[in-house]
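Enquirer: Sequence:
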Amino acid sequence: MPRAVDGTRRKSRRKKILKETKGFYGRRSTLHTTAKDALKKSLQYAYRDRKNKKREFRRLWIARISAAVREEGLSYSRFINGLNKANVEINRKVLSNLAIEDPKAFKAVVETAKKHL
27 MPRAVDGTRR
37 KSRRKKILKE
47 TKGFYGRRST
57 LHTTAKDALK
67 KSLQYAYRDR
77 KNKKREFRRL
87 WIARISAAVR
97 EEGLSYSRFI
107 NGLNKANVEI
117 NRKVLSNLAI
127 EDPKAFKAVV
137 ETAKKHL
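Every position in the sequence shown, counted from 1, becomes a number in this note's numbering once 26 is added.
FYI, nobody ran anything at the bench for these hints, they're computed from the structure.
Some hints could be false.
Derived DSSO-like pairs: lysine-lysine, alpha-carbon spacing no greater than 30 Å straight-line [as the list claims (entries may be wrong)]:
1) Lys77 <-> Lys37
2) Lys79 <-> Lys67
3) Lys140 <-> Lys130
4) Lys141 <-> Lys130
5) Lys79 <-> Lys119
6) Lys80 <-> Lys41
7) Lys48 <-> Lys37
8) Lys37 <-> Lys67
9) Lys80 <-> Lys62
10) Lys77 <-> Lys66
11) Lys79 <-> Lys48
12) Lys111 <-> Lys62
13) Lys48 <-> Lys66
14) Lys119 <-> Lys141
15) Lys42 <-> Lys77
16) Lys140 <-> Lys119
17) Lys62 <-> Lys79
18) Lys66 <-> Lys42
19) Lys45 <-> Lys66
20) Lys119 <-> Lys77
21) Lys66 <-> Lys80
22) Lys130 <-> Lys80
23) Lys80 <-> Lys48
24) Lys67 <-> Lys41
25) Lys133 <-> Lys79
26) Lys48 <-> Lys67
27) Lys77 <-> Lys62
28) Lys79 <-> Lys42
29) Lys111 <-> Lys67
30) Lys111 <-> Lys141
31) Lys80 <-> Lys37
32) Lys41 <-> Lys62
Work out the full structure: start from the sequences and follow the hints.
Expert: Set out below in structure tokens:
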């Protein structure tokens, strides 16, 4: 009986890893062992940063809103407090977008918040 060697399965498994690490720097894209390690690490970073992305964007939106509200003579926390008291449910992404693209509408929202403080 002929000896069975893990030929095609082994090759396809390695090929799959090298295909995913295409474009990585240096040996990380060509050698199987280092490519495997690099791929594992890159997937960990991708998972972690999908979570961090949400935090980073929220921080950005808050900074933008804060800057726009300060021009109207309010602090960010007072502004959000006023919106909550007025039962205005606009998320920070939309508020940030309003502040940039439509200052008049944003000013109206600020006035609503001021009125309910």
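Enquirer: Would the hint linking Lys37 and Lys67 be met if the CA-CA limit is 30 Å?
Expert: At roughly 22 Å apart (the allowed maximum being 30 Å), Lys67 and Lys37 satisfy the hint.
Enquirer: Would the pair Lys141 and Lys130 pass a check requiring their Cα atoms to be no farther apart than 30 Å?
Expert: holds, 17 Å
Enquirer: Has the given pair, Lys80 with Lys37, been kept, meaning a C-alpha gap of at most 30 Å?
Expert: violated, 39 Å
Enquirer: Could you grab the alpha-carbon distance between Lys77 and Lys66 and see if it respects the 30 Å cut-off?
Expert: holds, 18 Å
Enquirer: Mind checking the alpha carbons of Lys111 and Lys62 for me, to see if they're no more than 30 Å apart?
Expert: violated, 54 Å
Enquirer: Run the distance test for Lys111 versus Lys141: straight-line Cα separation, threshold 30 Å.
Expert: holds, 10 Å
Enquirer: Is the hinted pair Lys48 and Lys67 satisfied, with a Cα-Cα distance of at most 30 Å?
Expert: Holds, at about 15 Å.
Enquirer: Please work out if Lys80 and Lys48 have their alpha carbons no farther apart than 30 Å.
Expert: Holds. Lys80 to Lys48 sits at ~28 Å (cutoff 30 Å).
Enquirer: Straight-line Cα separation of Lys79 and Lys67 no greater than 30 Å?
Expert: holds, 18 Å
Enquirer: Hey, Lys66 versus Lys80, does the alpha-carbon distance stay inside 30 Å?
Expert: holds, 23 Å
Enquirer: Hinted pair, alpha-carbon criterion (30 Å max): Lys45, Lys66. Please report holds or violated.
Expert: holds, 14 Å
Enquirer: Need the status of pair Lys42, Lys77: alpha-carbon distance at most 30 Å?
Expert: Given pair Lys42, Lys77 holds - Cα atoms ~27 Å apart, limit 30 Å.
Against the hints set out earlier in the document, violations occur for numbers 1, 6, 12, 29 and 31.
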